[in-house]
Amino acid sequence: DSGVTQTPKHLITATGQRVTLRCSPRSGDLSVYWYQQSLDQGLQFLIQYYNGEERAKGNILERFSAQQFPDLHSELNLSSLELGDSALYFCASSDTADTQYFGPGTRLTVL
Amino acid sequence: SQQGEEDPQALSIQEGENATMNCSYKTSINNLQWYRQNSGRGLVHLILIRSNEREKHSGRLRVTLDTSKKSSSLLITASRAADTASYFCATEPTGGGNKLTFGTGTQLKVEL
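If you read the protein sequences in the order shown, they are chains A and B.
In this text, residue positions in the first sequence follow our numbering: the first is 1, and each later residue adds one.
In this text, residue positions in the second sequence follow our numbering: the first is 1001, and each later residue adds one.
Hints may be right or wrong, so weigh each one.
Keeping only pairs whose Cα atoms sit at most 27 Å apart, straight-line, the calculated DSS-like set for lysine-lysine is [as the list claims (entries may be wrong)]:
hint	chain 1	residue 1	chain 2	residue 2
1	B	K1109	B	K1056
2	A	K9	B	K1099
3	B	K1026	B	K1056
4	B	K1070	B	K1056
5	B	K1109	A	K9
6	A	K57	B	K1099
7	B	K1026	B	K1099
8	B	K1099	B	K1069
9	A	K9	A	K57
10	B	K1099	B	K1070
11	B	K1026	B	K1070
12	B	K1026	A	K57
13	B	K1026	B	K1069
14	B	K1069	B	K1056
15	B	K1070	A	K57
Partner residues are not named here, just some residues of chain B that face chain A (Cβ under 10 Å, in silico) [unchecked claim]:
hint	residue
16	P1008
17	T1027
18	N1030
19	Q1037
20	V1044
21	N1098
Between beta-carbon pairs, the in silico distance windows are [as the list claims (entries may be wrong)]:
hint	chain 1	residue 1	chain 2	residue 2	range
22	A	R22	B	G1016	29 to 37 Å
23	A	L83	B	S1028	33 to 41 Å
24	A	G28	B	S1051	25 to 33 Å
25	B	T1067	A	L83	38 to 46 Å
26	A	S38	B	S1028	32 to 40 Å
None of these hints come from the bench; they were simulated from the model.
Nothing here was measured: the structure is a model prediction, and the numbers come from that model.
Glycine is no exception: its CB is placed at the ideal position from the N, C-alpha and C atoms.
Just need the whole structure built from these sequences, with the hints factored in.
This is how it looks when you write it as structure tokens:
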């Protein structure tokens, strides 16, 4: 158990809808990262937050947004969902060191 | 886009044998990390090697890094059925913050 929690575990929704994925980092970790894992794109970095502020951005679509709250939990919002957004979404957290600890992921299925 | 390419894509060995996986990457890095992923589940951090290190050990794991060739290898000795998983290398690029760029992964199957 990495100490990172993600909810929900599974999400099934329809095209055009909007969903929110939630992540609670390990106690004391200030950085939160979001990754997407799909069959065709592999594991891709989406975005990083550090202590509430956006730190780095990767291949994140404009339809996607994230934020980190004062209690350090983070949410990833996915809107106008398309079939291709079906994937595993991982959250990871780290302190000042290099190692990132990954949560169990949220499996999103868009029908 | 993925920076790393891993080789082989899939590997099947008998329990007790050693497994070697290779990773190549494209840019300068601060460190390279290896992760394990059991089918469709979260990634588990295995080992981190910094750019100024050449070899590192952790239990049955041995990692090498050759920055001149931009490559790394992961050796799992005396493999067990429980080692069956996908293994990914991930690089932290120089000046790229802490974001990780993952390789394509190697699927390892250890048979009894």
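Consistency of the hints with the structure:
no., hint, in the structure
1, B:K1109 with B:K1056, "holds, 24 Å"
2, A:K9 with B:K1099, "holds, 24 Å"
3, B:K1026 with B:K1056, "holds, 21 Å"
4, B:K1070 with B:K1056, "holds, 16 Å"
5, B:K1109 with A:K9, "holds, 26 Å"
6, A:K57 with B:K1099, "holds, 9 Å"
7, B:K1026 with B:K1099, "holds, 15 Å"
8, B:K1099 with B:K1069, "holds, 22 Å"
9, A:K9 with A:K57, "holds, 24 Å"
10, B:K1099 with B:K1070, "holds, 18 Å"
11, B:K1026 with B:K1070, "holds, 7 Å"
12, B:K1026 with A:K57, "holds, 19 Å"
13, B:K1026 with B:K1069, "holds, 9 Å"
14, B:K1069 with B:K1056, "holds, 17 Å"
15, B:K1070 with A:K57, "holds, 24 Å"
16, P1008, "violated, 16 Å"
17, T1027, "violated, 14 Å"
18, N1030, "holds, 7 Å"
19, Q1037, "holds, 9 Å"
20, V1044, "holds, 7 Å"
21, N1098, "holds, 6 Å"
22, A:R22 with B:G1016: 29 to 37 Å, "violated, 43 Å"
23, A:L83 with B:S1028: 33 to 41 Å, "holds, 37 Å"
24, A:G28 with B:S1051: 25 to 33 Å, "holds, 27 Å"
25, B:T1067 with A:L83: 38 to 46 Å, "holds, 41 Å"
26, A:S38 with B:S1028: 32 to 40 Å, "violated, 27 Å"
Checked against the numbered hints given earlier, the structure breaks hints 16, 17, 22, 26 and satisfies all the rest.
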